[in-house]
Amino acid sequence: MNKEQALFLLVFLPLIGAAILPLIDRASVKLRNLTAFTLVFASFLLSAFILPTVIGGREINIILNLPLGFNFILTADILAVFMAMVSSFISAIIILYSFEYISHYENQREYYFMVVLFLGAMMGLVFAANLILLYVFWEITAITSWRLIGFFREKQHVLRADKAFLVTVFGALVMLLGFIKLHSETGSFDLAAIKAAVKAHSISNLAIGLILTGILAKSATLPLHTWLPDAGVAPSPVTALLHAAVLVKIGVYVFARLFIATMPLGALWHAIFPVIIGLSALVSAGAALVETDLKRIIAYSTVSQIAFIFLGFSMGNEIGIAGGLLYILMHGLGKAGLFLCAGIIEQRTKTKDITQMGGLIHVMPVTAISFLFCAFSVMAIPPFGGFFSKYMVIAGTLQAGHLAIAGIFLFGALLTLMYLFRTFNMIFLGEMNKVPVSGSSPLMVFCVALFAFLSLAGGCFIQYPNRIVAAAVQQMTAKPL
Amino acid sequence: MMETLMISLILIPLIAAAITFVLPVKWRGVCAFLAALVNFLIAVLLFRKETTIIFPWIGWGIDFALRLYHFSGFIILAVSFFSLLISLYSLEFLKNKSSARQFYGFFLLALSFVNGAVLANHLVTLLFFWEGLLLTIYGLIAIGGKQAFKTATKSFIIVGASDLCMMAGIILTGYIAKTLIIQDIHLGLDRLGSLAFILLIIGAIAKAGSMPFHTWIPDAAQDSPLPFMAFFPAALEKLLGIYFLTRITLDMFKLDSHNSLSVVLMAVGAITILLAVMMALVQKDYKRLLSYHAISQVGYMILGIGTCLPAGIIGGIFHMLNNAVYKCGLFLTAGTVEKQAGTTDLDQLGGLRSTMPVTFFCFLVTAASISGVPPFNGFFSKELIYDAALERGKIFYLAALIGSFFTAASFLKLGHAAFCDKPRREDKGIKEAPLSMLIPMIILALTCVFFGVFNRIPINDFIQPILGRASENHNFAGWPSSLPLVLITIAVLAAALIHHYAAAKIKGSGLKAADHIHHAPVLSAIYRWAEKKYFDPYELGVKLVNWIAGLLSGIDKSIDWFYDFFTVKAACGCSMIIRKAHAGYYIIYVVWALTGALLVTLFAIK
Chain A
1 MNKEQALFLL
11 VFLPLIGAAI
21 LPLIDRASVK
31 LRNLTAFTLV
41 FASFLLSAFI
51 LPTVIGGREI
61 NIILNLPLGF
71 NFILTADILA
81 VFMAMVSSFI
91 SAIIILYSFE
101 YISHYENQRE
111 YYFMVVLFLG
121 AMMGLVFAAN
131 LILLYVFWEI
141 TAITSWRLIG
151 FFREKQHVLR
161 ADKAFLVTVF
171 GALVMLLGFI
181 KLHSETGSFD
191 LAAIKAAVKA
201 HSISNLAIGL
211 ILTGILAKSA
221 TLPLHTWLPD
231 AGVAPSPVTA
241 LLHAAVLVKI
251 GVYVFARLFI
261 ATMPLGALWH
271 AIFPVIIGLS
281 ALVSAGAALV
291 ETDLKRIIAY
301 STVSQIAFIF
311 LGFSMGNEIG
321 IAGGLLYILM
331 HGLGKAGLFL
341 CAGIIEQRTK
351 TKDITQMGGL
361 IHVMPVTAIS
371 FLFCAFSVMA
381 IPPFGGFFSK
391 YMVIAGTLQA
401 GHLAIAGIFL
411 FGALLTLMYL
421 FRTFNMIFLG
431 EMNKVPVSGS
441 SPLMVFCVAL
451 FAFLSLAGGC
461 FIQYPNRIVA
471 AAVQQMTAKP
481 L
Chain B
1 MMETLMISLI
11 LIPLIAAAIT
21 FVLPVKWRGV
31 CAFLAALVNF
41 LIAVLLFRKE
51 TTIIFPWIGW
61 GIDFALRLYH
71 FSGFIILAVS
81 FFSLLISLYS
91 LEFLKNKSSA
101 RQFYGFFLLA
111 LSFVNGAVLA
121 NHLVTLLFFW
131 EGLLLTIYGL
141 IAIGGKQAFK
151 TATKSFIIVG
161 ASDLCMMAGI
171 ILTGYIAKTL
181 IIQDIHLGLD
191 RLGSLAFILL
201 IIGAIAKAGS
211 MPFHTWIPDA
221 AQDSPLPFMA
231 FFPAALEKLL
241 GIYFLTRITL
251 DMFKLDSHNS
261 LSVVLMAVGA
271 ITILLAVMMA
281 LVQKDYKRLL
291 SYHAISQVGY
301 MILGIGTCLP
311 AGIIGGIFHM
321 LNNAVYKCGL
331 FLTAGTVEKQ
341 AGTTDLDQLG
351 GLRSTMPVTF
361 FCFLVTAASI
371 SGVPPFNGFF
381 SKELIYDAAL
391 ERGKIFYLAA
401 LIGSFFTAAS
411 FLKLGHAAFC
421 DKPRREDKGI
431 KEAPLSMLIP
441 MIILALTCVF
451 FGVFNRIPIN
461 DFIQPILGRA
471 SENHNFAGWP
481 SSLPLVLITI
491 AVLAAALIHH
501 YAAAKIKGSG
511 LKAADHIHHA
521 PVLSAIYRWA
531 EKKYFDPYEL
541 GVKLVNWIAG
551 LLSGIDKSID
561 WFYDFFTVKA
571 ACGCSMIIRK
581 AHAGYYIIYV
591 VWALTGALLV
601 TLFAIK
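Respectively, the protein sequence lines represent chains A and B.
Read in order, the letters of the first sequence are residues 1 to 481 in my numbering.
Read in order, the letters of the second sequence are residues 1 to 606 in my numbering.
In short, the hints are calculated from the structure, not lab data.
Heads up, some of the hints might be wrong.
Covered stretches of chain B, as calculated for chain A (at least 3 residues, CB under 8 angstroms) [stated by the list, open to error]: (1) 129–136; (2) 154–160; (3) 163–175; (4) 549–555.
Where is the CB? At the ideal position from N, CA and C, for every residue including glycine.
Just need the whole structure built from these sequences, with the hints factored in.
Put into structure tokens, the structure is as follows:
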């Protein structure tokens with residue numbers, strides 16, 4: 001198999017395969033589950049397969065010219081492969097977890113179809129080197145996440161799914177306007193062509209602002225963030241997938257793709273953007289300290305941590321960008337673990353209100369320790385993985401000379417300590433308020449423990465992911481802007 | 001070879017920690033003791049050796065670098081000495097206690113991290129181990145009991161906040177110095193430099209337990225298993241915090257006595273001495289009383305180092321060492337009392353002098369040391385600090401002296417109440433502790449005497465090389481140089497003694513000897529508020545943060561309201577207007593169509 005075929009397969013295997021899942025479902029539920037997992041895991045393996053080639057400095061391209069000047073381009077560079085590996089790997093574990101979790105509910109057929117389709121769209125988005133193609137995949141993720149958030153079909157849930165859909169699609173449409181403006185300025189939707197054109201003349205702030213709106217809406221950043229905590233009504237593996245690992249990282253990824261690897265952010269937005277994300281980090285961390293709904297707390301925490309990733313990317317120095325990329329990985333692992341823990345807790349206590357919990361460490365010790373480990377990683381305590389990413393992001397900020405912004409984010413980091421401890425203490429320690437129902441699934445606990453272990457291992461063996469990140473940063477910044 | 005040994009200082013406790021978590025419970029203690037023993041032997045082997053090592057780690061100037069030299073070797077030796085004694089002591093103390101299950105694992109993990117932090121020659125390596133200690137603090141306190149997690153969380157957040165400051169300081173320092181290798185950093189104190197300096201100092205003194213980062217220590221004294229207190233707040237954190245403080249002020253930044261930051265540092269020290277000792281004086285619990293002294297003594301070290309005079313710095317470092325010895329010993333006596341008598345509440349103790357004579361002897365020696373009675377070790381280090389403090393300002397000297405008076409008074413009260421008063425409770429056959437608990441205490445007590453009488457050895461051989469050339473022509477060892485200061489010290493101690501006996505006589509019991517201070521007109525109100533934690537910076541901080549969080553959450557809610565209410569209403573309103581326009585009148589549609597056609601034509605013409 002040559003590398004081009006591998007790239008093609010890793011995008012289209014889940015995209016096409018998703019459609020077959022409902023058919024397999026008629027034959028065997030087990031087989032359907034396994035197929036879903038295999039499709040996603042195959043994406044991971046194929047991305048790992050092409051990794052050595054792209055690290056070696058070669059880009060893998062698939063180009064198909066379409067009429068009317070549109071074209072279909074998939075490009076695999078280190079950044080794309082890194083992102084594809086992270087999201088497909090985390091998604092695969094989440095699907096493993098859903099085997100057990102979703103088995104209690106109806107509409108499983110749709111669930112697996114949507115999840116695998118979602119992941120396929122994510123793969124397409126990651127490798128898309130054409131803005132229109134990117135937009136198409138972007139909207140597929142919006143539609144699938146709309147269905148997944150409203151999975152339980154209760155009226156309130158459907159309304160919240162609508163809200164998530166409306167906000168992100170509003171952002172996407174504004175972004176599309178930005179793309180069109182960009183096209184009128186550079187004459188192309190093709191990223192490579194845009195990059196070449198940017199050298200000659202700069203991009204208008206309006207176009208950048210329009211695109212940023214879409215990115216902020218998708219990555220749930222102030223003031224377009226409130227759909228994310230509301231979407232906590234979705235099943236836990238969905239929230240893990242959407243809020244932690246994949247969906248919210250789309251905006252971050254596109255930011256890196258466009259404003260680091262393709263064109264500069266421009267002086268105006270360079271000044272405004274850190275302020276927006278600083279406010280976003282603070283407001284959401286404050287809200288996380290006040291909320292009492294477990295999933296809303298973790299969702300607000302995601303909003304807050306996403307701001308750290310943006311911070312690293314927007315500082316324009318290598319250490320910050322590298323920190324941001326590592327942050328994507330570490331936050332994905334830690335936060336996915338937290339959401340999956342929330343799923344176990346929710347199924348066993350039948351509530352999401354942390355004030356009604358307590359003392360659960362005695363009945364679910366492995367879940368408790370896993371929760372704590374993942375929380376430590378999000379808090380950035382060494383030797384957990386989150387430490388390095390947070391350090392590098394803050395280092396990037398200070399090196400760029402933004403003392404006040406760094407101060408705001410350090411306060412945000414302190415709030416992170418406080419709200420995660422508050423959550424952990426209220427759920428797992430103290431007096432037991434309510435005896436949970438028995439019967440946790442070993443598979444679900446295994447998935448959670450795996451995320452906890454990976455959060456720790458990610459810190460202890462930081463050099464391995466870091467090698468990919470370092471190469472990616474070099475590739476992104478080395479080319480003349 | 002030496003490099004391997006140096007790395008094994010970090011790796012052996014780490015591997016042993018992993019092993020203890022899976023061993024059967026009864027073997028865990030032995031495993032920890034053996035690991036501590038090996039660690040101690042390696043530390044002895046490496047003492048006075050010099051070597052550096054550097055591995056590439058993450059890139060962007062972040063490497064894994066260790067450096068062994070006279071200062072770090074000395075601290076490593078001290079750390080391994082205390083961990084050996086405490087692991088021996090814990091074998092018996094924690095027998096049949098539930099906290100023994102996890103104690104040894106966290107203990108070894110802490111040892112590994114402390115070794116790493118002391119040896120670190122790169123600021124990020126340092127931060128990695130330094131912040132990693134948060135985990136072990138949390139773990140060691142949380143295993144103390146059902147409600148201990150609250151204190152554990154408190155300590156985690158206080159120390160975590162200071163570590164965040166230190167992280168910022170480290171990044172700033174690296175940014176100014178263009179390197180993160182500690183050995184190569186020599187900075188001046190300009191505006192940005194001062195900011196970095198202050199941030200680093202916050203990290204260092206918070207680790208040492210100085211005010212205002214101290215309030216978790218008294219709480220931990222009551223909640224955590226006792227060996228933790230002897231290990232962490234009494235010994236390791238002081239060694240680590242003051243070690244780093246010294247390196248910041250001496251190597252990384254050139255702090256001199258003309259800089260106003262030196263005065264700030266001295267003021268922090270002086271305030272810590274006074275406030276903490278005043279709190280210690282009125283405590284009615286053995287362990288809680290000691291914990292306030294663990295805070296108060298840091299004040300002397302910070303004051304000494306803050307003077308920026310050779311005598312003060314040497315006194316500060318010597319005091320750090322002495323404090324670790326006697327405070328560790330004192331906490332161990334508290335543990336022995338707790339184990340044998342079943343309580344540390346002074347209201348229920350008394351008369352232990354006859355039943356636990358060896359413990360009483362160890363208490364006597366270590367209490368005399370902390371009070372600064374000659375010829376024990378605390379006397380000599382305090383005299384050096386007095387000397388330097390007096391040169392910098394009478395007020396600092398006075399603060400240190402008052403601190404000494406109350407230290408002596410509170411230990412007279414403690415000793416009197418626990419050991420010499422008539423038993424306040426029916427004696428249920430309290431016996432002397434077993435040998436494995438007595439040995440560490442005796443060793444520590446003897447060390448107090450040894451470091452006092454032969455203070456030449458620690459001062460000349462361990463400490464003076466740290467200062468290098470600045471102290472070459474001075475002699476700080478031996479009997480203090482200034483006779484008047486010694487006389488004043490002795491007079492203060494005598495006053496404390498007389499005060500105690502007079503008060504005890506009037507009140508009829510050693511326990512109540514400080515009650516007239518506790519219930520003095522203004523002080524009683526202040527004490528009452530302090531007990532209610534009105535002055536606790538942590539409680540105040542949490543209140544403030546919760547208030548801010550409420551505000552931020554309000555902002556968030558109002559943004560959400562905008563979506564859930566305003567946009568919905570606006571959309572409904574718009575569609576209402578448009579719906580009204582679709583009234584079904586033929587003529588209106590014709591007008592619209594014509595207007596549209598007109599606009600298109602105009603656009604096309606243009």
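Taking the hints in turn, this is what the structure says about them:
Remark: the region 129–136 of chain B is confirmed as covered by chain A, as 5 of its residues place a Cβ nearer than 8 angstroms to a Cβ of that chain, reaching the required three. Coverage of the region 154–160 of chain B by chain A holds [criterion: at least 3 residues with CB-CB distance below 8 angstroms; count 3]. With 8 residues carrying a beta carbon less than 8 angstroms from a beta carbon of chain A, the region 163–175 of chain B meets the three-residue requirement, and the given coverage holds. Only residues whose C-beta sits within less than 8 angstroms of a C-beta in chain A count toward coverage, and the region 549–555 of chain B has 6 of them, enough to reach three; the restraint holds.
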